[in-house]
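**Student:** Please build the complex by placing chain B on the supplied structure of chain A, with the hints as guidance.
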Amino acid sequence: MLEIKNVYKTFNKGTVNEKRALCGLSLTLNEGDFCTVIGGNGAGKSTMLNAIAGVWPVDSGAVIIDGKDVSKLPEHKRASYLGRVFQDPMTGTVANMEIAENLAIAARRGKRRGLSWGVKREEKVKYREMLKEFGLGLEDRMTSKVGLLSGGQRQAITLLMATIQKPKLLLLDEHTAALDPKTASKVLELSDKIIAENNLTALMVTHNMKDAIAHGNRLIMMNDGKIILNISGEEKKKLTVDDLLKKFEQVSGSKIDNDRMLLSTD
Amino acid sequence: MDAILSYFSSLNPMAFVAQLPGNIAQGIIWGLMALGVFITFKLLNFADLTVDGSFATGGAVTAIMLVNGFPVWITIIFALLAGLLAGLITGLLHTLLGIPDILSGILTQIALYSVNLNIMGKSNLPVSYRNYSLVLSGSNINMAIIISLAFAAIIVAAMYWYFGTEQGSTIRSTGSNPAMSKAQGINISFSKVVALALSNGLVALSGSLFAQYQGFSDVNMGRGAIVIGLAAVIIGQVLGEALFRRHINFIITLIFVIIGGILYYIAMGIVLWLKMPTDDTKLFTAVIVAVFLAVPYLRNKSKNSFKKVAKQNAKGMSTEGENNA
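Chains as they are written, first to last, in the working numbering: chain A, 1 to 266; chain B, 1001 to 1325.
Source of the hints: derived by calculation from the structure; they are not laboratory data.
Cβ atoms here follow ideal geometry from the backbone N, Cα and C, with glycine treated the same way.
You can take every hint at face value.
From the structure, some residues in chain B lie toward chain A, with a derived Cβ separation under 8 Å: (1) 1164; (2) 1165; (3) 1166; (4) 1167; (5) 1168; (6) 1169; (7) 1170; (8) 1176; (9) 1177; (10) 1179; (11) 1182; (12) 1183; (13) 1185; (14) 1186.
Looking at chain A on its own, in the form it has when it is part of the complex (with noise of 0.2 Å):
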């Protein structure tokens, strides 16, 4: 469903603020794998996640989604194979605009907008279902500005967008770090249910080594922009947090360094 072959990036080329994000990235995901991302501060999990997005273009390499190479196409132009949820619950939303509102903008992504009206009575009636099925209480406040909601609760409006319609590729770029750990659990909880529940090929980034193990049938750690463990199936139901630092150790060859890392083991 995703293959990224080969791929390099590298920021303020040729200045003293040069970075080398992205060196030879490669990673192929199956339709309906649930993948993981760990790795510390700079490493490149978000770089990786921007260059599936389309935020820039990469310097070198492909990425495919779906059989199709979307790297020659821009950001808005690959949105239609993607559902993305940030780390910061006001990026994915529109603060002055009505739930229902932001709920029919996704709900046209990667179709043509028209003329037509922008929120039609019958999905209205549809989102309200949806909502429900949060537990949330938002399904009555449909015609609320979303500005007016708690982080978390943003948090679920953007998981529901980004999935309102199937996306080929769920991105989820440390989109709980931002939360309250109580509220952060229960939207972790609410995407593993809608990606079970639609079987989507998803990619989620997090500080959070229990989570990373405890979600998905894959797990990546990445450092210096490279994949250096790729876990998966069986050795990956049993996984704990003890052998994930010491396959770190031996991967790269250095102890740990939690400072830099930022690694959360609780």
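**Tutor:** Chain B in isolation, oriented as in the chain A frame:
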């Protein structure tokens, strides 16, 4: 003392009442222009200074076409198209060439000064109602109010419809969250160009009506238009929010932009009635806009100020102290 008394006795209340309809008519026409400013400033979050030029372009196109014998309705349509084109150019300067929003507007505005001179062939072109059949004119103010209100009603309705459609929604989302818009497959460059074109089309239409109202088109008639437009938008917003509070919706907001334009012209009427020198009107406009721009900020600040916290804490501590004693 005598000077003050004689000043007040020289003010004629009837003169104020007599000029009121004229203020209202001009206010509605400039309110249409302010609706254009509303599209860029409020919906697209883009400070577009093209309007100073495109307002005069609207007047210039209508004037030269009237002089050349075109029917007035055709001239209005062409004025609108010329405005669309001006907005398109600002949009392309911004999206294709990456020029920052304010600068791309200023560039088009400066260019339009020459363009407008070229359109008219000179800096001022009279289009008196005596020689041409116009849709409205300052010579018949009551009629001018009715006609401009009709324009306002049609445009408010059209904007309410358009910004509720799928395409119009993308302009609102682009203005408020470009990152999300891109992630939802919206071509934000396209949204910006469309919004700028529509905005300036509306501004030029207003310029065309204003040239007819005042009976001439002048290359300088748009000078400071952006500030008047902002004044109308902001006066309308502050007033609308004060009156309707949380019940304010999009159509009321649009109507209050027109009301803002009317109130601005009534305020200007009062200033002139008070016999303040006409040279100072721009200064007065700037002061009004500054005050109304500051109101929402200051009101918010007075609700959440550090001083207030300090005061409350001081109060709390002193009462605690008393209890302990």
